[in-house]
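A.B. asks: The lines below spell out each chain.
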Amino acid sequence: MSEVSCTNVHKLFGTVTAVNDLSLQIRAGEILALLGPSGCGKTTVLRMIAGFEQPSQGTIQIGDQLVATSKRSLPPEQRQVGMVFQHHALFPHLDVAANIGFGLRRSAAVRRSRVHDLLELAGLSGMEHRMPHQLSGGQQQRVALARALAPSPAVLLLDEPFSNLDADLRITLRAQVRTMLKQLGTTALFVTHDQEEALYMGDRVAVMREGQLEQVCPPSDLFLAPASRFIAEFIGVANFLPATICAGCIKTELGSLTQRVDLRPGTSVDLVVRPDDLELQPDAQGNAQIADRVFRGGDYLYEVELDSKQRLRCLCNHIHDYPPNTRVRIRLTPGHALAWFPEPAEPHP
Amino acid sequence: MSTTPATPSPSSQPLRDQFLTLPQRLNWSRMLLWAMALTVVATLLLPPIYLTLRAFEAGSAAVSALTRPSSWAIIGRTTLLSLSVTAASALIAIPLAWLTVRSDVPLRRFWAVISALPLVIPSYVGAYLYASALGPNGLLQQLLEPITGITRLPSIYGFWGALFTLTMLSYPYMLLGAQAALRRMDPTLEEIAASLGLNRLQTFLRVVLPQLRPALGAGGLLVALYVLRDFGAVAIMRYDTFTRVIFQQYRSFDRIQAAFFALLLVCLTLLLVALEMKTRGRASYDLVGVRATRAPTRTALGAWRWPAFIFCAAIASLGMLLPATVLLYWLGRGLLGGESLGMLGPATWSALGSSVAGAVVTVIAALPVAMLVVRQPGRLSALLERLTYAAFALPGIAVALALVFFGITFARWLYQSYAMLILAYMILFLPQAFGALHTALRQLHPSLEESARSLGRRPIQVFFQITLPLIRPGIIAGASLVFLTAMKELPATLLLAPIGVRTLATEVWTAVSEAYFTRAAAPALLLILCSSLPLALLSVREQKQHL
Numbered sequence: 000m001s002e003v004s005c006t007n008v009h010k011l012f013g014t015v016t017a018v019n020d021l022s023l024q025i026r027a028g029e030i031l032a033l034l035g036p037s038g039c040g041k042t043t044v045l046r047m048i049a050g051f052e053q054p055s056q057g058t059i060q061i062g063d064q065l066v067a068t069s070k071r072s073l074p075p076e077q078r079q080v081g082m083v084f085q086h087h088a089l090f091p092h093l094d095v096a097a098n099i100g101f102g103l104r105r106s107a108a109v110r111r112s113r114v115h116d117l118l119e120l121a122g123l124s125g126m127e128h129r130m131p132h133q134l135s136g137g138q139q140q141r142v143a144l145a146r147a148l149a150p151s152p153a154v155l156l157l158d159e160p161f162s163n164l165d166a167d168l169r170i171t172l173r174a175q176v177r178t179m180l181k182q183l184g185t186t187a188l189f190v191t192h193d194q195e196e197a198l199y200m201g202d203r204v205a206v207m208r209e210g211q212l213e214q215v216c217p218p219s220d221l222f223l224a225p226a227s228r229f230i231a232e233f234i235g236v237a238n239f240l241p242a243t244i245c246a247g248c249i250k251t252e253l254g255s256l257t258q259r260v261d262l263r264p265g266t267s268v269d270l271v272v273r274p275d276d277l278e279l280q281p282d283a284q285g286n287a288q289i290a291d292r293v294f295r296g297g298d299y300l301y302e303v304e305l306d307s308k309q310r311l312r313c314l315c316n317h318i319h320d321y322p323p324n325t326r327v328r329i330r331l332t333p334g335h336a337l338a339w340f341p342e343p344a345e346p347h348p
Numbered sequence: 000m001s002t003t004p005a006t007p008s009p010s011s012q013p014l015r016d017q018f019l020t021l022p023q024r025l026n027w028s029r030m031l032l033w034a035m036a037l038t039v040v041a042t043l044l045l046p047p048i049y050l051t052l053r054a055f056e057a058g059s060a061a062v063s064a065l066t067r068p069s070s071w072a073i074i075g076r077t078t079l080l081s082l083s084v085t086a087a088s089a090l091i092a093i094p095l096a097w098l099t100v101r102s103d104v105p106l107r108r109f110w111a112v113i114s115a116l117p118l119v120i121p122s123y124v125g126a127y128l129y130a131s132a133l134g135p136n137g138l139l140q141q142l143l144e145p146i147t148g149i150t151r152l153p154s155i156y157g158f159w160g161a162l163f164t165l166t167m168l169s170y171p172y173m174l175l176g177a178q179a180a181l182r183r184m185d186p187t188l189e190e191i192a193a194s195l196g197l198n199r200l201q202t203f204l205r206v207v208l209p210q211l212r213p214a215l216g217a218g219g220l221l222v223a224l225y226v227l228r229d230f231g232a233v234a235i236m237r238y239d240t241f242t243r244v245i246f247q248q249y250r251s252f253d254r255i256q257a258a259f260f261a262l263l264l265v266c267l268t269l270l271l272v273a274l275e276m277k278t279r280g281r282a283s284y285d286l287v288g289v290r291a292t293r294a295p296t297r298t299a300l301g302a303w304r305w306p307a308f309i310f311c312a313a314i315a316s317l318g319m320l321l322p323a324t325v326l327l328y329w330l331g332r333g334l335l336g337g338e339s340l341g342m343l344g345p346a347t348w349s350a351l352g353s354s355v356a357g358a359v360v361t362v363i364a365a366l367p368v369a370m371l372v373v374r375q376p377g378r379l380s381a382l383l384e385r386l387t388y389a390a391f392a393l394p395g396i397a398v399a400l401a402l403v404f405f406g407i408t409f410a411r412w413l414y415q416s417y418a419m420l421i422l423a424y425m426i427l428f429l430p431q432a433f434g435a436l437h438t439a440l441r442q443l444h445p446s447l448e449e450s451a452r453s454l455g456r457r458p459i460q461v462f463f464q465i466t467l468p469l470i471r472p473g474i475i476a477g478a479s480l481v482f483l484t485a486m487k488e489l490p491a492t493l494l495l496a497p498i499g500v501r502t503l504a505t506e507v508w509t510a511v512s513e514a515y516f517t518r519a520a521a522p523a524l525l526l527i528l529c530s531s532l533p534l535a536l537l538s539v540r541e542q543k544q545h546l
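Just so you know, the protein sequences line up as chains A and B, in that order.
Under numbering that gives the first Met the number 0, think of the first position of the first sequence as 0, with each following residue one higher.
Under numbering that gives the first Met the number 0, think of the first position of the second sequence as 0, with each following residue one higher.
To be clear, the hints were calculated from the coordinates, so they are not data collected in a lab.
If you're wondering where the values come from, they're calculated on a predicted model, not measured in any experiment.
For every residue, glycine included, the Cβ atom is placed at its ideal position computed from N, Cα and C.
Treat the hints with care, as some may be off.
What the hints assert, rightly or not - Output of the computed footprint for chain B on chain A, the stretches with three or more beta carbons under 8 Å from beta carbons of chain B:
#1 64-76
#2 100-108
#3 122-130
As the list claims (entries may be wrong) - Chain A side only, calculated, beta carbon under 7 Å to chain B, not exhaustive:
#4 Val-80
#5 Phe-84
#6 Ala-88
#7 His-92
What the hints assert, rightly or not - Among the chain B residues that face chain A by a calculated CB cut under 8 Å, a handful are:
#8 Arg-108
#9 Arg-378
#10 Ser-453
#11 Leu-454
#12 Gly-455
#13 Arg-457
#14 Ile-465
#15 Pro-468
#16 Leu-469
Working from the sequences, and respecting the hints, build out all of it.
C.D. replies: Written out as structure tokens, the structure is:
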């Protein structure tokens, strides 16, 4: 059962298409991370679910209620949707307890106990009478989360909630937030442009590009089975190695791989090779030469040039340090099936 | 609806779906906002439109008025005065700004503070003090006569008096802008110029002055606008510019002619405001991201130190010391001569009452316009914003005249009532209130209001529970600004106050027109104190921001 369904949603701003035929389900109790470069329309999707924007076409359903069509839109206050913004958006004239209790419309006693529970859950006990400006950035964001969770929303929407915090705090806070959400079994949509954050937070990750959904899958599948060249390049580092299909194997410049591909033998494809799928050894009779290297602390990322002038990026641990122009042998040793894409229509120059 | 179960169940779903496929319901809160904002801006447009109608009613008479040499003389005099005051202000403001920011002139900080103070003197108070000091049989002559035997000084009335008074009152507009620009300026640019072989004077002319141009342009337009709109100083100095002529024609019931001239004046001021808007846009563009990383360096003046000191002291004496001394002199003489302060009571109360009412009404009227402009950006709301700012160009006398005509013709019950006076205050001071509210609303991030919506509040509840409490400082700032400006407003109060009602401003005016200089002193002092308040508040706030 899905808690939120967007069906064939389009959104136009004037003549600009922000969201193009998007269909997306958020399952009950899952955290769905919506990932994409800035300006790809992901925040617009979130704002349509929240009720701050209305789809130009398509429908949005929360639970078993239809909440938006192109003709009518249920106002945000009737949708039972929790929001956490990038700029925490705490009410500066209310203290922590009043902020958290703002969405609760029950008797004072019930409200007090609910606020108390949430303060505890957010690790903010004893701070109920502080004003927002007296809190640190991380505390402010936890109050914002508690405030959004207090009325037990059907779905929680988080819009880049950590991007205003510094790197260390971001990592601690995202662990705390994920624990809180999982403890409560909250259905959540988490919008971010940071792939590491998306891979960490999301039970599933949805990748958007130019208003369209590219792929929705568990985080590991984004690496193993990218649905498009864009995703292969966007998530991690990817080399595209030209290859030819043969019966039961794939032939490349670096030797052949045993992998079944349902294509006519002789077809040309590009193989997605990650830097850790390659092995590098110094060898005067080798098939490549080191062009450049970047020291990254734990390892080196080498850029090597094969004899065919094809360039590849290749990972090597930090024990060895080979200077540029060293002759090396590159081996393809993935240990798993590799993703491939048909060659682009226009040939490489 | 009462049969619908409280919890969503499959049976309620079709109802909800049906509801959602109906056409979009009217959005009442948005429509209300638009209706209020459009009403307010339409009210702003009432004076210029009405003046236009009245002027064209005259038809050929209006055309013949335009071709009459006397009309051109008025246009010429007004333009001449406006340009001369602007030029004279620049001549004072540029050296004074440089000396108080970038030199080691003795008492530098003191001059910086005191040279901005003439801003608190209403023009008719300033004119009264200069005229009573420097005019025929004035204080200066009384001082000189026993020593030198001079019985006649050159008359201060006319062009030179108006030029002197208005320059001394309005040069701070250019000074403040120039000082701010000099403080922001990056000193490395001047060092680069020096390293490229320019001497100090060349550096000032080729590097510093061009950077000051946007600030000077904006300040100069403010000065020119001040002169065009001014009624008090030119009336007391008896120089026939538009405002004085309009007032005289109104008095002699030549109303068509008055409307025609008021319309011409509005056109002139609108032209200036349009120019001002254009430069302001460009000036702010020029300053994007530019911030001096170091404190400005100070040039050692050497032998020029004391001449520079004398220049600063002379400006301060003429601009602040002289008026203050004269005011205290008249006040003391009046008190000694048995002038009673008791009669000030009613004038103070009616001034306070109408100004407070004006401030409240103006802020309430500005609120929907500001909310619309900030929260519903679009072509129409951008137009409303421009019209509101353009209302800044409306001279008090023109608005008052339009409302007089309107009241006599269409709303007799409004004419000569407090309601009419307050309406005039609203039209005249709406841009100030709008500015304060606009800034406050812009600083309020929309996600605060959206959070409240998603936590279950309707738009009207969000307004009262979130928006209103958070923009309270802006509301207070806007209301105080309008209150203090309304206290000083002369022409609108003269023309529109109910018969027999006197305010501090009209007290000063009446006393000065009848040359009762001692009687004008006490209300004038009260008015100066009133207008000092916002300046003091502003400078306190600015100092807080610097800390």
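A.B. asks: All hints, please: hold or fail.
C.D. replies: Here is how each hint holds up against the structure:
1. Counting residues of the stretch 64-76 of chain A whose C-beta sits closer than 8 Å to any C-beta of chain B gives 12, which meets the bar of three, so the coverage hint holds.
2. With a threshold of 8 Å between beta carbons, the proposed coverage of the stretch 100-108 of chain A by chain B holds, since 3 of its residues qualify and at least three are required.
3. Only residues whose C-beta sits within less than 8 Å of a C-beta in chain B count toward coverage, and the stretch 122-130 of chain A has 0 of them, not enough to reach three; the restraint is violated.
4. About 5 Å separates the beta-carbon of A:Val-80 from the nearest beta-carbon of chain B, less than 7 Å, and the hint is met.
5. Checking A:Phe-84 against chain B by beta carbon gives a least distance of about 4 Å; that is within 7 Å, so the hint holds.
6. Below 7 Å, beta-carbon pairs count as interface contacts, and A:Ala-88 has one with chain B at about 4 Å; its hint therefore holds.
7. With its C-beta approaching chain B no nearer than about 5 Å, A:His-92 sits inside the 7 Å limit, and its interface hint holds.
8. Because the beta carbon of B:Arg-108 sits about 33 Å from the nearest beta carbon in chain A, more than 8 Å, this interface hint is broken.
9. Annotation: interface hint on B:Arg-378 violated; nearest CB of chain A at approximately 12 Å, more than 8 Å.
10. Taking 8 Å as the C-beta contact cut-off toward chain A, the hint placing B:Ser-453 at the interface holds, the least distance being around 4 Å.
11. Using the Cβ-Cβ criterion of 8 Å, the hint placing B:Leu-454 at the interface with chain A is satisfied: the shortest such distance is roughly 3 Å.
12. Look at B:Gly-455: its Cβ gets to within about 5 Å of chain A, closer than 8 Å, so that hint holds up.
13. The restraint placing B:Arg-457 at the interface with chain A holds, with a minimum CB-CB distance near 6 Å, inside the 8 Å limit.
14. Contact between B:Ile-465 and chain A, as hinted, is supported at the beta carbon level, the nearest pair being about 6 Å apart and thus within 8 Å.
15. The beta carbon of B:Pro-468 is positioned within 8 Å of a beta carbon in chain A (closest approach about 5 Å), and the interface hint is therefore held.
16. With its C-beta approaching chain A no nearer than about 6 Å, B:Leu-469 sits inside the 8 Å limit, and its interface hint holds.
When the structure is compared with the earlier hints, violations turn up for hints 3, 8 and 9 and for no others.
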